Amino acid sequence: MRTFVSIRTKLISNTMILIAVTFALLLSVITVTNIISVNKNIDKSKRSIRNALVAKGMTLAKNNSMAMRGMAEDNAFSAIQPLVSSTVAEDADIVYGIYMNRARIPWVVASAENPSGIPENRDPRTDSLSQWAGGIDQLSLREYRTNHSGIIEFAAPVISDDEILGFIRYGLSTRSMEQSIHDAQIDGKATRNQAIFIILSMGLLSLGIGYFVIKRLATKITQPIGALVNSSKVISEGNYDTIVTLESNDEIGDLASHFETMRGTIQRYTNHLQELIDEKMQQVNDILDNIDQGLFTINLDGSVNQEYSSRANRILRVKDVASCKIKDLLRFDTKQEASFYTWLKLVQKRHNQQRWPKLAKLAPVQEIELITKPDLAELEYVSISYQRIYDKSGNLAKIMVLAMDETEKKLKDFQMAAERLKHENDVKLILTIANTPAEEIAEFTEDTSARMLNIKRAIDTHIDSVSKQRDTFPNCIPYTITNQAIDLIFRDIHTIKGNGGSYGFEMLSHFAHQTESQLEKLRDPQERRDDVLLVIKELIFNMDGCIADIHKKIQLIFGKDEEITIRIPEIRIKSIIDISNSIVSENADENTARLIAECTMLCWKPLRTLVRKYQKLALQVARKLHRNIVFTVVNSQQLYPEDSVSDIDEILIHLIRNAVDHGIEAPEVREELGKGVGRIQLSLSVSETKRIITITDDGHGIDYEQLIERCIDKNILTPQAASTLSAQEKQQLIFISGISTANDVSQISGRGVGMDIINHKITSLNGSIAISSELGKGSSFVLTLPLKSGIYSI
Amino acid sequence: MDKSVVIVDDSKFLIKQIVDFFQNKLGFTVLATGTDGNDAVALYKKHRPSLITLDITMPNKDGATALTDIISEFPDANIVMISAVRGDAMLECMSAGAKGYVEKPLKFSDSHFIDDFEETINDIFS
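Same order as they appear, the protein sequences are chains C and X. Residues 1 to 794 (the working numbering) are what the first sequence spells out, left to right. Residues 1001 to 1126 (the working numbering) are what the second sequence spells out, left to right.
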C-alpha cells in the first residue's frame, strides 16, 4: 500500500533535510574543534600560568634564601622577619612565608592572618610539610591542596659555607592561577557558544531561505507533472478528446508532447473501433431482423438481453422484447415461474453432464397459447425451444430462446386428430355393424326411425306452442309441457340410447344421453323452455346425423351382398327337420343324406348371432368400467346349431366379464404400456369329437406370482410347496375357491368364487378348461367339450 | 466399472421388460427389483448397486421421495427416473439429484427410444 507523496514535497523535504544535515554536521564539527582548541588553549595557559607561578615561587625562594644568608649567619631574626612578612604582604599570591632554622624552629610565620610574622610558639614544627622542608638540601617545591585552594610551597635552604642554617618557605596560592584558567575557560566557552549560535542561526536562515527557494523551484518543476497527471487521469477515464497542452523546456515538456501524440493515436483508434463495432452490431441486427423466427437471449439468471430478432416482438405479441421480463414473454403462471428458475439452476449445474435435448425438455414451458382476439377467442400457438450460447472461453453464458409460430401446424394437427377420431369412429362403427346380423340391424334401424319420428314430432309441437304463446303475449294461453309428455319423449330417447350403446354406436348414445339431460331440464320451471327446446332440436339433429352415418355404413357392408331372404315361420322349418330326421338313413343314398343334412341346417345360425349376447355384455361391462375394447368373433359367418354354446352360457358370461374386468387394463395404463384399444376375441371350432371354444384377451394376463402369494397367505400352500409347482399346477391354482388376485372387489367380479364354479361345471359336462397366460400380454381360456347330440357334419 | 443395477417399478410387466433390457442390451447385472419407494430405499442400502432406476408413481412411497431419501444418505448414488410423469415432477427429480431420466411408454421396438435409453445410461458412467 503506497501512500501518495508528491515530487514537490519530496524535493522540498529532501533539500531541507540536506541543508539541516549539512548544518548539523558543520555545527558538530565546529563545536568539537572549538572545544578541542579551547581546551588546548586553556591547557597551554594553565601551563604557562603555572610555570610563571612556579618560576616566581622558585625565584622568590631562591633570592630570599640567598638574601637571608647573611641574616641567618648573624641570627638577625629581626631582619628576616620583616623581609618575609613584607614579601607575604606585598604579593597576594603568597599565602604564607615561613623561616625555620635547622631545628625547624620557626623564626617567621607570616600570612594574611598574621601579617607580623611572629610565630605562635617556638616549638619545632612537626607537620609533614615542615618535616619535608626540613629535609631538603636545595630549592624544592611541593604541591598540596587545602580547603580553599591549591598551594605550592617553595622551600629553599639557607646555606652558609656549605652549612644549612635554616629554611625559607613560601606557600604560593594557585588561586589566581586557577582564576586565570577559569577566566580563560569562560572566554573559550563564550567563543564556542557564540560560534554555535552563529552557526545555528545561519542554519535556520539557510533552511528558511532554502525552503522558499526550493519550494518555488519544486513547484515550478512539478507543476507540469501535475498537469500531465490530470490529463492522463481524464484520458484513463476514456475521454480521449481533451488535448494535452503543456509546454516546458525540459524532459517534462517532452513527456507531455509524447503523451499528447499517444492520446491522439488512441482516440483515432478507439473511434475506428467504435465504428467497427457499430458496423458489426448493425450486421447482427440485420441478420436478426431477417430471421423468420422469434429469437431472444436470456442470461443464466433469467434476465432478458438487448439483442433479439424483430420477429420476436410479433410472435410474442409485445412491443419490445428487451424491456420485458421472461415471465411475461413466456406467460408463466407462478408455478411455472418457480419451475423456470429451478430449471435455470439445473442447467447451470448440469449442462456439462447432461445431453442438451434432455435438459431442454425439462423446461416448464415448451409451448404457449396466446389469445389474439379475446372476443373471437382466436388463439395462436407458439412453440418454445432453447439453445445454449457459449462465451469465448467456452463457458455457458446465455440461453437462446426460439419462439416459432405453430398456429397453422397446430390447427392442422387438430384437424388431423379430429379426422383420425372420426376415422376411428367410422371403423368402430363398421366393425360393429359387420359383427351384427342383418336382421338385428334392420330391427334396430326400424325401431330407431320410428322413435325418432315420434320424438321430432313431439319436440316440434312443443316448440310451436311455446312460440305461439310468446307471440300472443300478454294475452297468451299458457302452454305447459307436462311431466307425462316429457316422460314419453324420454322413454324413446332412453331406448335409443340403450340400443345404440349395446350395438356400440357410441356417438348416437352420447347425443341421446345429452338429450336426456336437456329433457330433465324441461321439468324445471325455472329453465327457459325455448332455449332448452332449441338445444334439444340441435341434439336430435346430431342424432339424425349419426343414424344417417350408420345407414351409410350399413349400405357399405350389407348393401352389395344383399341376400335374398324370405320370412318363414320357424314352426314350419322345425316340422321339416323332424320329418327328415325320422327318415331312417342306413341305406339312404347320397342325395337323401344331403337333403337330411340341409334340412337339419335350416335352423342353424351364424356364430355371430349365437354369441351376440356376449358381445353386448362385453361392451356393456367395458362401458361401465371405462375400458376401451373391441369384441371380435372368428369366422363369425360360420353356421352352427343354436345350442352350440348354450350349455356353457354361464361360463362364457363369467369368462367374458373377467376378460374385460381383470384382463383389459384401464386406458391410462394401456397407454403407458404402449397398447392400443383392448381386444377380446371369441372363437369356436368343431371337430368330429369335440367343440373347442376359446376366449382371448390382450390385457394384463394372470399374475401367477401374486396368485401363489395369496395361496400362501390363506395357508392353502406352504412356501416350500409353492416353490416346487410346475407350470400346469400353477394354472390350476386359479380354480381354487376364494383366491382372487383382483385388488378391488368390483361389483362385476372379483370375489374369487367364479373360477372354481366354472371348473366344476366344465367337469360336469365332461369337458376341460385350459388356461394360457403371459403377464402383460394377455390370457387365453380354452374350453374343450364333447359334441352335443345334434349332428354336426357340415 | 461395476455394472450392477436395481430396478423399481410398480408394474411387474414393465420390470421384466426393463430387466431384460439392462441384462441383454446393456450387459448389466440386475441385483434386485422392487415395487415401491420403500423397496427402493431398502434395496439400495442392501445392495449398493452402481445404478438404480425408479418409477415416480408408486404406492406407499413414490419415486421422488425415494430419490431424496437415497440421495440424502448416499449423495453419489446414480439414480435414473423411468416414468410417464411429465413436467414439474421430473424437473424436481433432476434438481434433487437424479442423473438422468427416461420417458414412458417404453417403446423397446423403437430404435430412437433404445438409443436414448442407452445414451442416458452411458452418460452416467462416462
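None of these hints come from the bench; they were simulated from the model. Every value quoted in this text rests on a predicted model; they were computed, and no experiment measured them. Ideal placement from N, C-alpha and C gives every residue a C-beta, glycine not left out. Hints are supplied without guarantee of correctness; some may be wrong.
Output of the computed footprint for chain X on chain C, the stretches with three or more beta carbons under 8 Å from beta carbons of chain X [said to hold, decoys possible]:
#1 269-281
#2 351-359
#3 697-710
Status of the hints after comparison with the structure:
By the rule of at least three residues with a Cβ nearer than 8 Å to a Cβ of chain X, the coverage given for the region 269-281 of chain C is violated, with 0 such residues. With 4 residues having a Cβ less than 8 Å from any Cβ of chain X, the region 351-359 of chain C passes the three-residue criterion, so the hint holds. Against chain X, the region 697-710 of chain C contributes 4 residues with a C-beta closer than 8 Å to a partner C-beta. That satisfies the three-residue criterion, and the hint holds.
In the structure shown, a violation is registered for the earlier hint numbered 1 alone.
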